[in-house]
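Peer 1: Given these sequences and hints, build the entire structure.
Residue numbers (our numbering), protein chains in the order written: chain A, 1 to 749; chain B, 1 to 749.
In case anyone wonders, no lab produced these hints; they're calculated from the structure.
All values derive from a computational prediction rather than experimental measurement.
You can trust all of the hints, since none of them are fake.
Given that identical chains are not distinguished, each listed pair holds provided it fits within a single copy or across any two copies.
Mimicking DSS-like on lysine-lysine, the simulated pairs with C-alpha atoms at most 25 Å apart in a straight line are: (1) LYS462 to LYS575; (2) LYS708 to LYS83; (3) LYS575 to LYS465.
One-letter residues, chain by chain:
Protein chains: 2
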Amino acid sequence: MKIYYYILFFNFVLISQTACQRHPNLTLTHEGVKDIRSNLGQVAYFDRVLSEVQEEVDSEINIGVQVPIPVDMAGGYSHERHKRNFVILQKAGNLYQITQDKKYAQYIKDNLMAYAKMYPTLPLHPTNKSYATGKIFWQCLNDANWLVYVSQAYDCIYDYLSEEERDYLEKDLFRPFADFLSVENPQFFNRIHNHSTWGNAAVGMIGLAMRDKELIDRALYGLPISEGNDLSKDNDGGFIYEKGMSKAGFLAQLDNAFAPDGYFTEGPYYLRYAIFPFLIFSKSLDNMQPELDIMNYRDGILQKAVFALLNQTDANGKFFPINDALKGMSWKARELITAVDIMYDQNPENTSLLSIAEKQDQVLLDDTGYRVAKAITDGKATPYSQSPAIYGDGKDGTEGGIGILRKDETCLVLKYSAQGMGHGHFDKLSYSLYDDTGEVAQDYGSARWVNIDQKGGGRYLKENKTFAKQTIAHNTLVVNETSHYEANIEKGEAHHPELHFVDFKDVNNQIISTIDKHAYDNVDMQRTMLMITDPSFPNPLIIDILKAKSESKNQYDLPFWYMGHVLSTNFDYTKSSATLSTLGTDYGYQHLWREAIGSPKDTIAGGTSQFTWLGNSKFYTSSFNSEPGDEIIFVRAGANDPEYNLRSDPAIIQRVRDGGNRLFVSVIESHGTYDHDTEIPLNPFSSIEKVSVLYDDALYSIIEVYAKDNQKWTIAISNQSADTTITHSISVGNKAIEWKGPFTINKTN
Amino acid sequence: MKIYYYILFFNFVLISQTACQRHPNLTLTHEGVKDIRSNLGQVAYFDRVLSEVQEEVDSEINIGVQVPIPVDMAGGYSHERHKRNFVILQKAGNLYQITQDKKYAQYIKDNLMAYAKMYPTLPLHPTNKSYATGKIFWQCLNDANWLVYVSQAYDCIYDYLSEEERDYLEKDLFRPFADFLSVENPQFFNRIHNHSTWGNAAVGMIGLAMRDKELIDRALYGLPISEGNDLSKDNDGGFIYEKGMSKAGFLAQLDNAFAPDGYFTEGPYYLRYAIFPFLIFSKSLDNMQPELDIMNYRDGILQKAVFALLNQTDANGKFFPINDALKGMSWKARELITAVDIMYDQNPENTSLLSIAEKQDQVLLDDTGYRVAKAITDGKATPYSQSPAIYGDGKDGTEGGIGILRKDETCLVLKYSAQGMGHGHFDKLSYSLYDDTGEVAQDYGSARWVNIDQKGGGRYLKENKTFAKQTIAHNTLVVNETSHYEANIEKGEAHHPELHFVDFKDVNNQIISTIDKHAYDNVDMQRTMLMITDPSFPNPLIIDILKAKSESKNQYDLPFWYMGHVLSTNFDYTKSSATLSTLGTDYGYQHLWREAIGSPKDTIAGGTSQFTWLGNSKFYTSSFNSEPGDEIIFVRAGANDPEYNLRSDPAIIQRVRDGGNRLFVSVIESHGTYDHDTEIPLNPFSSIEKVSVLYDDALYSIIEVYAKDNQKWTIAISNQSADTTITHSISVGNKAIEWKGPFTINKTN
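Peer 2: Here's what the structure looks like:
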């Protein structure tokens, strides 16, 4: 058995003597406490947080120490109690340092003693539902959460404890706890995965608190990896080890988990989760081992990740729910409070972070939080604005990515990223659309109710795999009722779409074009999306041009998961009256009720179908090209869902039965509003008159969008060359169209 | 043919000379304008409104006069344009008076001339969809709206016009307009109905502006009524004339449309609509004919109506959507701005109205609005608080009513009112429940999308009759799959439920009990509801005790329209997997998809079924008594709905197949919350352990509710006597229960 060790590119420096002498020195420092204490009563924002946290912790102290025998899944008593314990203990540690009131130290000590008494007696958690079952919780992941928080509490009362007490806690609780999370569970500790980031940070944080170099090294560099590691999978279907992986530990996470511009392959919901241990451990390392210069590691990857994360949000700061994400999570999450405080402290020139900290209405009760509160009080906050952006996926940023088109409060996310490991969905070139009211065209997110015991203990539900991950649950093309990569994660991990071109220079004409050649063997897809802002339209127009290329005849289904209620269509449809049945039998189709079937306008040369819906008191219309024989199917999720795990959300699906080469074009407008107090509809009708394909072949696609008042957009795309210097020329009918570069957008009226 | 004339109880006084001399003198008065003008720049709130209105009207003036030939239904161009015209003209009149800028007067004049030119040429509106088709709009109702507003504009520019211009307008436009709405459409003008209130006010307002005594009299006293008026119906299925009705006109409306405490039989949504002409015309009468003392007519019925209306709202000021109501309408509606301003002006001791005016963030641009703005600026606002209340229905307040149980932000509405004319629903003893997030257990409201052209021109849809009005769409008992009164409006109008007793003295133990003996021939219903506030529960508990009494065997269906998503049940259920069918064929059942069927816990002595749902990020549980053989049916609206007119809302239905005498008892808890940023569920589980019937016969019903920590409520009800002095005594098992009055609530632990 051959063993690789991680080779550092810089010399490891022993923990310096000065840092060693003083506690606390993880997230709260001895020097920071002095500063905070001497300014109490001066910074109202911080003082408010201090008194809120005191009230919270005091009320727990009144309840008394509660360290139950672990038995429950998430949502159950023992789970929620232990979870609350670690959060409260960390806060109590800071309170002890800041107020010097010994009741906080004593409360922590009493808790730790109770845990130290129980821990050696604990078997594995009785639930046995995880690939890495924990002891305090059902999975090692939650145990690692516990240790990350409690390490800080321990650091804060280190000097309050006698040497004998410390020896006891370290011997009976912390050291075995750290060993359990690492050497006893390498499948948890040694991955490139958010779980392992937590594991690494947990072992590292307690190592720093204990000044235990062995644990710190283990956290930074991981456990030895045997050469022929197997391909076993975790609970989410993700691989424990990537093929050929030879490094583990915290530094390897920093090297591998992020793309160079900070994108995290699982998506923003999971980055939000993972960023916390990255930052907490890094901040502690920065205090304890400044020589590592961890905050600038990999060209400042942590700062990039935080800014990428903040930008993967809608106008209300809610994260785009791509892949296995829960909806509603926003930059008010506690992990983002940590991220904003640490990143502002790291670089006080980032004053726009202060305006997010204002929205969060919370700061950390430590050095960084104090400095943020002080800066806000000093009026240093500047506006934070989200921007259009693309983020490359994969550790080199070359494995596809995501594109964010954005104007004011409207944003469009086009996902051409890699699979995203076990939490990835089979939705190549899918998109979702948001405005000030939230979701307009949704990504379903995951089929999971986190921490809600009544829904499978808060775990991923089986409908996550059978529906939420499947292609039909997303706004992208499904060929022959089969998901991308046949919903096979190994195939998915082997490929990724490519960015064809992107141009955000003209904020009123943002465009991105992406290509996928692997989701299906016999069909290539190219999706070009535009966000066009025009003075004669109240909101940005979204233009979607999806090219399906195939030499065979296939059934194409293009779903559109609108948020709202059907108002009208310009085509006839027949809705099932007294019985409903499912749309299909597999790949998520078994979960769709087929509510109605429509026939698009039957014109000789094809037509423009329109669908208007009302959502969040706004009027929206999708106008799309359709041909005789196409079907428009109205569906609703919820079939074959025996326990009401799915939301009953609606979608329309454009179905083409014998599609070969086909260009799907649609325009989405947000054209009007409805006021419930006045009952006045403003602009309830679409202004789009026609959407049509002027030309389409392997080289070029040219489409036209006609709108009221003789307005017309002509958009031409070069499907093969993205070279910005090449001039393209083509005759359509008796008209020559010429442009330079990969695309042209021409507006006339 | 015999003719009745309305006999006044006071002498009619001719319009006084002083009032006659000056314009304006309807809602804006000559004296008021002087006061406003001399204080411009002093009352910021009013100045802001003034400048907003100027901006709005100026932009319309820039567009220019637009008086299209009437062709469209609501939502269409000509409808929306004419509607906007009258709103803008009224505002322009006030602006002319306040700013003395003649462009506003000229704009009004140009519009009126265009209308005067068109009006004599107009046939009936081409839509022909109303029992009283209008000329400018599809129904006389909207024409009356127009005249109520435009009369005020005319009054404001009266002195700006030459005598010839006035003669022309009055001869070619206003007089024929008023005649059309009255003598040419008596079926519209002469009813006791909100439509006629508008008609009366329209004719009266223009009469006041024109100083035309004949029109004013016609408005006040109506047209002559022939003795044998027929029973024809309006578009909503309501009778044009009530049997034996002998009076019409505005005063008759005041006498008959309201109950003595201000309840309006159609419900708050329609009172909100009707209160506007009542108040605008009354305020104008008060200015022009103070001798009438209209504001104190019938012991101040208008003020009572306004306060009753303001109290028929949830914590967010949204009206309870009982009967044919659209949801979302709140006290921010323009009619309520008018109501609050006029009523504060009428009695400046009502300073709590000022805090509603603050929430409205708008005041009228007239005398009353100015005084409200000034009072707010002077800091006179005091808090407004909603209260528990009952309101009697019917003009004498003796035809049933509604009960509002309320604590903090939780409120429960129990509806035991009369039918409510054409807009009434067949839902005797139904209830709805609200909290700070809005609806918890909903009243579906109406199947209508007001002013949204795409949905049947904004009119009531056929599903309003086939679903929304039917009993199964409400939280009340359905016997043998047939709606109350067999959904026959004549039967419905003939009867009403009764209040048995009510006691709100103890705000922590609010109780109301109501009885219905007419909805079904063979089943009597009694519903007693409680709102119990207890320190060991985070929110008030709702206890619902519904007694069905019958000597025959019937199928009982008790629907519960919860708002949210099924989380868990304590009983097994089987959900349809691949096909769905409807629950029934008539009385609204044809619109319900039968999603799942559950069997309540099968215990020997009956059991307690529990259903927990998540709605608006809160956890709620309904715990109810059930017996072996009962079924719990999960349904969703939307079947037999070919045009997506219905919302796909869910309900559960407790079904008893061979019910005779049966006591349905349920407890609804709002026990927990979910935070999407922290993903922490607080208190996701019910604390109720058992709900049971201790005793039930014709005389008494005694129930028990068991909760955590050995808490127990025993509630005893006297089903026949509501006498508060009688002592009741009964032995159950070996225990004697004794109480005085119609009920007792006993809590032990």
